[in-house]
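Novice: Residues per chain, in single letters:
Protein chains: 2
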Amino acid sequence: MQKALTYAADHADQQVSELLEWLRIPSVSADSNHAGDVKKAAEWLAKNLRDIGMAHVEIMPTPGHPVVYAEHIRDAQLPTVLVYGHYDVQPPDPLELWDSPPFEPVIKDGLIYARGSCDDKGQAFMHVKAAEAWIKGEGQLPLNLKFIIEGEEEVGSVHLSQFLEANKQKLAADIVVISDTSLFAEDVPSITYGLRGLAYVEVELTGPNRDLHSGVYGGGVHNPLNELCRLITNLHDADHRVTLPGFYDAVRHLSDEERAGFASLPFDEAGWKAEVDVAETRTEAGYTLLEGITARPTLDLNGIWGGYQGEGAKTVLPAKAGAKISCRLVPDQQPDDVAEMLRKYFEENTPSTMKLRFTALHGGHAAMVDIHHPAMQAASKAMEGVYGRKPVFTREGGSIPIVADFKNILGLNTVLMGFGLDSDAIHSPNEKYGIDRFHKGIEASVRFMEAFANR
Amino acid sequence: MQKALTYAADHADQQVSELLEWLRIPSVSADSNHAGDVKKAAEWLAKNLRDIGMAHVEIMPTPGHPVVYAEHIRDAQLPTVLVYGHYDVQPPDPLELWDSPPFEPVIKDGLIYARGSCDDKGQAFMHVKAAEAWIKGEGQLPLNLKFIIEGEEEVGSVHLSQFLEANKQKLAADIVVISDTSLFAEDVPSITYGLRGLAYVEVELTGPNRDLHSGVYGGGVHNPLNELCRLITNLHDADHRVTLPGFYDAVRHLSDEERAGFASLPFDEAGWKAEVDVAETRTEAGYTLLEGITARPTLDLNGIWGGYQGEGAKTVLPAKAGAKISCRLVPDQQPDDVAEMLRKYFEENTPSTMKLRFTALHGGHAAMVDIHHPAMQAASKAMEGVYGRKPVFTREGGSIPIVADFKNILGLNTVLMGFGLDSDAIHSPNEKYGIDRFHKGIEASVRFMEAFANR
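So the sequence lines, in the order shown, correspond to chains C and R. Numbering-wise (this note's numbering), the first sequence opens with residue 20 and increments by one. Numbering-wise (this note's numbering), the second sequence opens with residue 20 and increments by one.
Warning: the hint list may mix true and false statements.
Simulated pairs of lysine-lysine, PhoX-like, Cα-Cα distance not exceeding 25 Å [to be verified]: (1) K189(C) <-> K409(C); (2) K374(R) <-> K363(R); (3) K374(C) <-> K292(R); (4) K459(C) <-> K409(C); (5) K400(C) <-> K155(C); (6) K374(R) <-> K292(C).
I should point out that these hints are in silico values taken from the structure, not numbers from a laboratory.
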């Protein structure tokens, strides 16, 4: 493995410059105007995979954005690692809050500022460069390697499960590895064993058939904005618990051991609050902040709109009001069930003064991985090799629905070996990723392949 | 007067074509990008007033948009009528809902479709053409006439009260006449004796210092959108009454006589609902629909925004949420007092998890005019002359704050002789005004001048 590590170290600058090139392609999957850029990002990656020596590389179409697939089978007797990642990125808005253009990467204080630098181009690319280190440095990989890098993760991986169904044979492997999560803290190597799921819906209320003068009609026509606020407000109680009927029924309760584990983690609550500049946190009664953001389900508004949002005062009584609502889920809540609970709630509570349009946008299952799995132990050894200390096992509040799909469709467990930080501001203006973490990630991937090959 | 009426009838087509010319100027006072157009609309009107023979015309500057002033003093012994109107218009958005461009007037089935056709260019212009009919038809006006046509009515007439203060002498008159209200129904001549006031505010809540990933922070950071909805929802109770402390304290109660008067009006509730396509109305408990929309105070959201409003699903926990809120007021509620009640409410109820920015945008007093005033009787006679039947006296839900200012600053009562219809969709897409009502309005103005001169 030493030659691979040396090769990786010797090519540190080139690894970064290649990543910057990829980050310049605005592969925003949610915005149909960027469909061409998404395709370009896929082609760029396919070329890079060929250049490093992956035996077989192809861009596989889906009904939406394509999947970049690559494989290198050294010996059928050796274990096979399937690396998953995504080359699409979140929309960059609000643009005016970026200090530098989201798709013109800037390096400052060892950080790469660009949309996708951390989520997930930067992290997915670490494994590509680790494979290169083995192939070019050692002359061969220590095991069989497959890549499946998709272009629809930020829009709910809408076509990936059917892609897995259709390619079970091709994707056969022993373990999935994903780097799309965070370190517990900059200096705390960590491996994520739990993820939250997601149920995302959109609601629109229509009252009158047009925007009305609030003086002429106010007091007679029911205002969709006021009513939407009421329907949303009634989804929480004073203890900040979700009141949606049935919402907690399937929630797997936290064991005392697990809660003790959370309590033992070096979680800097004051630093966490300072980093987002809130005087006070807001968590479901009876749970700690760390539990609230990683192991308990939530219901949040992601967007709301209606009426006049421009300059000055327009005395309008609007015809329509809309909102995007999403729930973070935990085992064993089912995304479709929660979406249906929301549909039922809005259908039963929308008053006869208006009409409802309800759309379930997408969902994803929560996931848990056994920390005693040999691959988790190999990852632990790799992280220890990089950081000189054993990693902690944590849960994350974000969702990677695909992890549940890998389990359900391919029967594969997933190792979540992420190097992000909360401060990387993924999904926000000025997303960034540390160059040092990028390189540590490459080394960790090199070491993981070795450790898992010798499991 | 016969010659004036004949002149008006003979020039019907020209009156319309001149109005269309004026409507082509997008004088949107709320949008600073249209400042130049607002000025152009003022200059167009000034020229028209000179052309019809008004002795003195000038465009008088204000700290905002200018006022067009004109006067024609025939004889100091004669009574003086001061006509008020406004040449600015509401923003036209949402543009996509217009069947024809808002500033390219189209005539269909006897209706002029354009922003401002009814509110208020079309109605203000009737008096200009009535003056022309007297001057050109009879050779002279029957009384002294002054025009004050402003450019800031749609943004709360922010500078008009100080303009009145500064020009008391110049504006001296016996009565103010305004056509900026509606007929009770197409075939029901009516004179408005009551108007609602307005208190309009904007609220913004800021939670975290940036938009956050709802998975990473959800369950820990208090969501400004959810909280804004809660604060707004708590402003009404289950009886649809406003719960803002003190809100109803100054409300002048409706007398039994007045309520009987409302009950006797030919109000077509089914038609009203059908026209805006609502299955059910929503009025404060204990009051009729007609009372709710004309004689009772309200609190409505005019706009709300925050988070992601684009295509697809963005899992963001937004940093900010904002809303525009306005109250329609009745005698004797004070706009500033109500705005302060709202400020107090939001300041006292915004939780320590977020910051509040509260802005009182503008307000206007409610107004009532004595129906026994000689000018009201002259207006009644004029309407009867046009329609062949006595007009009904009604109240309107809209606000013309300036009516209270005329009373308080100039000591003048106001005759509200409007020819709009609720179906004219003022403040909405496809605003329109009936050509027949435009001409009836010109005739009514001609007859009013005669009747008030001989009062």
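Novice: Which earlier hints turn out false for this structure, listed by number in ascending order?
Specialist: 1
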